[in-house]
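There are 2 protein chains.
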Amino acid sequence: MTAEQYRTTRPGLLGAANVGQTVQVAGWVQTRRDHGGIVFVDLRDATGVLQIVLDPDAGTAPEEVLSGLRREFVISVTGEVASRGEEHVNPDLATGEIELVATELRVLSPSDPLPFQLDDRVDVDEGLRLQYRYLDLRRPAMAANLQARSTAIRAMRRVLDAQGFLEVETPTLVASTPEGARDVLVPSRLRQGHFYALPQSPQLFKQLLMISGVDRYYQIARCYRDEDFRADRQIEFTQLDLEGSFWGQDDVLEVLEEIAVAVTKDLRGIELARPFPRLTWQEAMDRFGTDKPDTRFGMEIQDLSDLFGSTEFKAFAGVLADGGTVRGINAGAQGLSRAGLDKLVEQALSLGARGLVWMVVEDDGSLRSPVAKFLSDAEQAGISEALAAAPGDLLLVVADRFSVVSKVLGALRIDMGQPEGHDEITFLMVTDFPMFEVGDDGSLAPMHHPFTSPEDVTEMVESPGSAASRAYDIVLNGAELGSGSVRIHNPDVQAKVFEVLGITAEDATRRFGWFMDALRYGTPPHAGFAYGIDRMVSILQDLPNIREVIPFPKTQTGNDPLTGSPSRVEDEQLGELGITVAADVVAGWAEEDA
Amino acid sequence: MTAEQYRTTRPGLLGAANVGQTVQVAGWVQTRRDHGGIVFVDLRDATGVLQIVLDPDAGTAPEEVLSGLRREFVISVTGEVASRGEEHVNPDLATGEIELVATELRVLSPSDPLPFQLDDRVDVDEGLRLQYRYLDLRRPAMAANLQARSTAIRAMRRVLDAQGFLEVETPTLVASTPEGARDVLVPSRLRQGHFYALPQSPQLFKQLLMISGVDRYYQIARCYRDEDFRADRQIEFTQLDLEGSFWGQDDVLEVLEEIAVAVTKDLRGIELARPFPRLTWQEAMDRFGTDKPDTRFGMEIQDLSDLFGSTEFKAFAGVLADGGTVRGINAGAQGLSRAGLDKLVEQALSLGARGLVWMVVEDDGSLRSPVAKFLSDAEQAGISEALAAAPGDLLLVVADRFSVVSKVLGALRIDMGQPEGHDEITFLMVTDFPMFEVGDDGSLAPMHHPFTSPEDVTEMVESPGSAASRAYDIVLNGAELGSGSVRIHNPDVQAKVFEVLGITAEDATRRFGWFMDALRYGTPPHAGFAYGIDRMVSILQDLPNIREVIPFPKTQTGNDPLTGSPSRVEDEQLGELGITVAADVVAGWAEEDA
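Here the protein sequences line up with chains A and B, keeping their order. For the first sequence, the working numbering assigns the number 1 to the initial residue and increments by one for each residue that follows. For the second sequence, the working numbering assigns the number 1001 to the initial residue and increments by one for each residue that follows.
Check the hints yourself; a few may be wrong.
Covered stretches of chain A (in silico footprint by chain B; criterion: 3 or more residues with CB under 8 Å from a CB of chain B, positions within the stretch not fixed) [unchecked claim]:
| id | segment |
| --- | --- |
| 1 | 102–110 |
| 2 | 146–156 |
| 3 | 181–190 |
| 4 | 554–568 |
Simulated from the structure, these hints should not be mistaken for laboratory data. All C-beta atoms, glycine included, are put in the ideal place defined by N, C-alpha and C.
Please work from the sequences and hints to get the whole structure.
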């Protein structure tokens, strides 16, 4: 076999220093222009774009080849690097001072006409982009996203490798042990009627690694969640998973910061200041109404309850008497019409509030509001002072249970104040999360997962609804990038958590018995974290959704328009797995096929 | 929250230089010995082992704590590093010159009595080891295997990162497009009755990346094959997957060598000579009877056919007349009894041969053999010369079709000559594989996969049974570590390959239509490879099977004795997926449960 030679250098690597050299380059025809018989081609590969000059009389290739050259043809060109001359320099192009005067051209692959233009400025339907993802990825912005993702992961590894973390691969065909979201199930062929699950995270395996004596572990881990798709979720996603023994919260947060600093440096060229701000969960909720605050802008929530200790306004008085709270934000000068204000009220109602009080600050400092007449002058003055009101400002006040007030004001604050881009990169840590989430019916669910250590076991048992855990999150510009915790390393505490959650001992044994057993053989104290890579890269790339930084994502309904997955399979294959498609599903197919 | 402090340094990091320092260490109690009232504990963590001296009178911990200390308890100890004194130095221990005289001891976790001893010298049933994998991994040899795997992967990344390869993650929930082995299927919930497949390899996605303009790609990829388990296969496994555009075979082999050299250097401290030997497939088969030759020993196959052009021995004459071949090896002085020789004959028959001719070289150079009487003196002398026979040598000759002769002699050669350990590391490349494997019924199957480029399209169409492809393998000590090829980048050639394989155009469109479409939009010439990481690390660690280097492997029947997967799941969950377990499987459960 003779090896094919397609190139001796790359288009984007050439410059004025190469003038006079004979080189061979290969890539895609980005554009083709004819000027007075001469053909100019912009040749593109991953390094950049180079102008090729093709003189039909120079015998570089048969005329029909030159005249047939179209966009996205793959060609290999040999020629001499020449200076363009000052008047022809293209300052928009890194190689704009030179061009390649071709002596030989070979078409390596033709291209059909494209279904859409490969131009970052052209807006293309996402369905079409996903169907032709291999073309979409040729666009410079998408190529940059692929590169950014690789760069981010490399930065993570650099930090962790330098600290002696061991990279360990945990299995992806695991036992089904529901952690919250639905497991993705995989039927076993050798054991018919039995199922593996794809992991929601390597949580239990990384804890087993700690029990195994691995001191520091990390993995870039593929994880799976079968959720009803929301805008920003994928059935498979990637996280940086890490865990350490004899490790406490502060140690973990330190490493998380180092990772965030390294990734931001490599992707954005920004050196972030350390340490990152740290808020307790309570403080985050009080000031921002959310556990993932965006602190790039103010508009903080103020507690106004004290102003209304003896108010005549029944709506506020009733809430306070019931143990509720009255809080507000100053949304600034929004200049909303009455219709706009009504829309805000509707939004508050849809978020679960019983009402939203709006007040517009008049030029004389007085408050224009449907409820102004119920508020005393002192109350109005108190509100204005607490919210630092200035003429034109819109003040929004909610009276309700703490959780409702936080949810509504937190959401309104984001809607009215959050900056659009991500020019400013603001990381922060939220700590001391509650142990449990309390449902409307009083039921308890783990706020993180049931392997999170409580701050205090007695407190957890006696007042689970308010008990703190040793869990923490990292937040970037108002988005949660990941969460972690100090884990439970004592099997008795683990059993107690299951008990408080209302999981019977029998059920706990059935679902987690093997893990509870493992805890009995000398488990070191340990802690860890998981960083969502898709989200982190998409925010740092200033992109609206994670699909932009996933090479081959699925749609929100879990389909891949490129390959057509998921698809039907032969009955014979299912027979080998010991499963059948349910009769009503098969009945539904007739309709689908019609 | 106050951060817990468990350690200020690590047991294995201490030495004579630390004498006099007060330190805190944490880890597992490896052994505990009582000597004249003093308790000696060997404390272990991932860095090593340190002797701790506990004087019950020193108030380090309550007496019941000291007396209760057992193997694998997790403890944290503060104390002063002391010299052991010359007479007590333990030369077997890296920290053997010192000990830690404890002033404070805390038990962080107790341990139940162990199901087996954590000692590399103790042979434990593999089922038990897998059930308690977290204990098994504490054994020094297993901890070293985890470390070796991480080291190997890091070396691979170092080589590829330095050459500008982009790490890209391809999806793991893909379309089912059978590549040879059975797909692992995953039922979709949002599209009931439809299935994803887990990838057998990222083959088509990495080719899409080339079409996308990614110049050099790699990924440490999890792959899945639902095979009937053999000794050395897992349902999930890991490969280093790589691909490049405008790349030819020699470029790929160069990078593969660099990777092998880097990994071997980091794991074994050996600097391998380059370039590695390269054999064509034909040469490998001719000389060693296999496409994954172990060249650490001779015993090469010799073609004896020419000796028997006019033989009277009908068995040989018939084979040669039918286009077959007569070949032999000199197995050396094996000293086998008649029973031993009969066993060899049986083995040859079970491998598909019609017979095996053995000859033992007598002291006078004559051949003792059941067939000696059928062979002329010249033929016997010819055999002796061709096989360099010396007194005592065992010569083995097979007459059959080339494929059978190669299979039988190749297997006998390995059985009789292959060295046991892996002290010597011998990589080699095998190139120019045939395009297709021809079945006994004349049917064709791809030797690698149907995306492999033929050496010559006309040859492939006209004589597919003998046509060469542009595929290559890398072999280490007689094991195939991975394979690759120059790919097809021309959609017409791709269609032709499907045609030769007997895949109808309709079927090709159904299974690979989306990929054939992609080839039409400017596909660069490209080539690539996949390295089996499990196999590579296990051989370099001199281990008999890949399960030793997989943190949490499954048994040969795909079970995980640790977590009990695969397991049965709730009917409700299956209902959501639109599938049911087949009635006959459910019927079988009654028996299983009994």
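Quiz item: What hints, given by number in increasing order, does this structure fail?
Solution: Hints that this structure does not satisfy do not exist here, as all of them hold.
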